[in-house]
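Trainee: So the protein lines, in turn, are chains A and B. Each residue of the first sequence is one higher than the one before, counting from 3 in our numbering. Each residue of the second sequence is one higher than the one before, counting from 3 in our numbering.
The hints are simulated quantities; they were obtained by calculation from the structure and are not laboratory data. Among these hints, one or two may not hold up.
[Said to hold, decoys possible] Using 25 Å as the maximum straight-line C-alpha spacing, the simulated SDA-like pairs for lysine to any residue come out as follows:
| hint | chain 1 | residue 1 | chain 2 | residue 2 |
| --- | --- | --- | --- | --- |
| 1 | B | 299 | B | 358 |
| 2 | A | 124 | A | 170 |
| 3 | B | 32 | A | 62 |
| 4 | B | 90 | A | 62 |
| 5 | B | 215 | B | 176 |
| 6 | A | 32 | B | 61 |
| 7 | A | 124 | B | 144 |
| 8 | A | 90 | B | 61 |
| 9 | B | 299 | B | 321 |
| 10 | A | 90 | B | 53 |
| 11 | B | 317 | B | 331 |
| 12 | A | 90 | B | 51 |
| 13 | B | 280 | B | 373 |
| 14 | A | 124 | B | 65 |
| 15 | A | 328 | A | 300 |
| 16 | B | 27 | A | 62 |
| 17 | B | 90 | B | 235 |
| 18 | B | 90 | A | 57 |
| 19 | A | 215 | A | 350 |
| 20 | A | 90 | B | 65 |
| 21 | B | 328 | B | 278 |
| 22 | B | 90 | A | 109 |
| 23 | B | 336 | B | 382 |
| 24 | B | 32 | B | 20 |
| 25 | A | 32 | B | 65 |
2 protein chains.
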Amino acid sequence: MSLWVQKYGGTSVGSLDRIRRVADKVIEAKQAGHQVVVVVSAMSGETNRLVGLAESLVECPDPREYSVTVATGEMVSMALLAMCLIDKGYPARSYTGAQAQIFSENHCVKARIERIDPYPLKQALEEGIIPVVAGFQGVDSYGNITTLGRGGSDTTAVALAASLAADECQIYTDVDGVYTADPRVVPDARQLTHITFEEMLELASLGAKVLQKRSVELIGKYKVPLRVLSSFHDGQGTLITYEEVSMERPLVSGIAFNRSEAKLSIIGVPDQPGVAAKILGPIGEANIDVDMIVQNKINEDLTDLSFTVGREDYKKALEILSAVAKELGARDIKGDAKIAKISLVGVGMRSHSGVAPQMFQVLGAEGINIQLISTSEIKISVVVDEKYLELGVRALHAAFGLDKGADEDFDPKMRDFK
Amino acid sequence: MSLWVQKYGGTSVGSLDRIRRVADKVIEAKQAGHQVVVVVSAMSGETNRLVGLAESLVECPDPREYSVTVATGEMVSMALLAMCLIDKGYPARSYTGAQAQIFSENHCVKARIERIDPYPLKQALEEGIIPVVAGFQGVDSYGNITTLGRGGSDTTAVALAASLAADECQIYTDVDGVYTADPRVVPDARQLTHITFEEMLELASLGAKVLQKRSVELIGKYKVPLRVLSSFHDGQGTLITYEEVSMERPLVSGIAFNRSEAKLSIIGVPDQPGVAAKILGPIGEANIDVDMIVQNKINEDLTDLSFTVGREDYKKALEILSAVAKELGARDIKGDAKIAKISLVGVGMRSHSGVAPQMFQVLGAEGINIQLISTSEIKISVVVDEKYLELGVRALHAAFGLDKGADEDFDPKMRDFK
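Given these sequences and hints, build the entire structure.
Mentor: In structure tokens form, the structure reads like this:
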């Protein structure tokens, strides 16, 4: 008998009919002989309604009371799902963060989970009861109700799975799983049956929206076997694994992209130790996040430096850079908001060279000029003109065989988790 | 410095604007130098919305999960009021039933409060914090969220006032206080500044809707000085007191009435020990509450018996009585659903005779025939034809001088409570 932690998001419990369908999915797992702990978000729209009440009432709601207000959303869904399970003949019991003994830091908003006492839920499981836990909430050491950060219900599920040593943490969402690329851009994109944790972390950082980056980090910390599935369609979803890279691993697992960044360059800066800090320091002080950074030394005395920022910060960053350029005696600055970033991700890159040259060749053959390049151990990102985004992504998807399903045969033992 | 427990009902916190007004009322009391503990109901309409969700989802919601669902309504209002107070510069903190340590019986719905640990709220008061407590909810010995019975938020306020030895429990509602009679029927009706607990209990039992009977019983148990006030108008409201009856007390404090009952009579029953039980036993077994009971022995062998029941139970009671009459060999049965009950209430009746004869005389002078009479130590109730209700109530109101304000001069020492 395996223990599964199943998490259902806001759209999955967005109506009474959907709650009934979630109950059926939980019962299906029970009938297959598994123990199940369920984590639920608030019904879709409910969190916004509660936030709206608080923010219409006062300009800057007290964090403790804000958390109490918002936390009621998950309490309603947990109780509704529990009563639905009971009504269908399956003993269930709802748990607030406090009742499930999910202890968080002593601040009320964006609190991190510090520890979980697994006893109450273990006890319920032993009695054959299905615990239904409110996501996104905890309790601090003073008994205050706290709420977690973004992706909070995923975090609750992952932390509970770790604490209960669950066999699998299943995140039910409105997509079928993780794809080789966004299916809206690449019609041939294929759903992956497996992806390594490191790849998932890169994909989340690079703009894939399946899981919040913070939840992925937590998964890695506790090595929780995690599966992303659809609440609305049957299927095996995508399992996130932690195995060592085998030689059979495909070079590239997926392609991520975004067009939400802008590029800035400062040209011909007199080079001296610490010049990069002098350029990027004022940008950081203005609370602007810098993503890619590329420095290129022109000659003994001068250097060029380019970087990307979120497109919403582009104008502000350009103003700051203009002032910096004057101060440092740079020759020129340039900016371009019409760029796109395309990234190949795959743990196979560690053991195989040749991915980068092949990527550049594919893009070159399509007449796509590369503006910036940045690499990590399992990722290559390039910046290109925005208009080439779809063309580039589709060409790379085909060239690296992502439509061919090499992934399908990979590591069948991982299927034991399900 | 006095300690006040203030309770605000659903209409008093029914919108964000009203919550702001409640905050101002609380602050007014703080500024006058009092300590304040606030109890709130759910925003009006919210409890119905939550009940609707549960009852649309499943036919018969599990009581534990039903309570969790409904209890979120009060949690939202307590957090909103607390953040509004904080926003206005007054430290405040919301408390769920569990956080306020309000322990109830171990069943989840209509649970009675068993004990309150006053420490958390006392601690907050000492730190200058205004506690805002969710009404209508508690926690059982297993940590389950429970909800109290009807009038639950009043009960919370009264129980907290008792546990904290508050100087006054103030129930803010949508009426200005307790009146000598319903002002919609008697335009001359006057708001009472004081009423004794026993009178209030009789009035609540007889159909006055200001306070639930159960809350009044609890007030009496703990001798909590309780004031009923309006959230919407300024004023002193009505204070419920516990003093011994003084000779200055007016004979009659108020007039209650209802037209929600029906009368049944069984005529010419062979009299024998236990005949009343034989008649009323089957009525009680059918879960029909009997209110007034009058027996009248006709001669050595025969007796008549009349009683009243809720009008909704009239038909069923008549069927049962018909079967009983046959069994007992009664001569006849009669029934009348078009009756009204008028009651005079006043602790002064204890020391003054003559109220009953005066009442009968007043009604007789108006040509109103009395069908049944029932008396207790501080109350006289009569049943009359429904069509005479308004006429009778107004005549009695004038005859006993209830429009004259005799109450105004009464026992000024009781004003110390405010």
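Trainee: Failing hints, ascending?
Mentor: none
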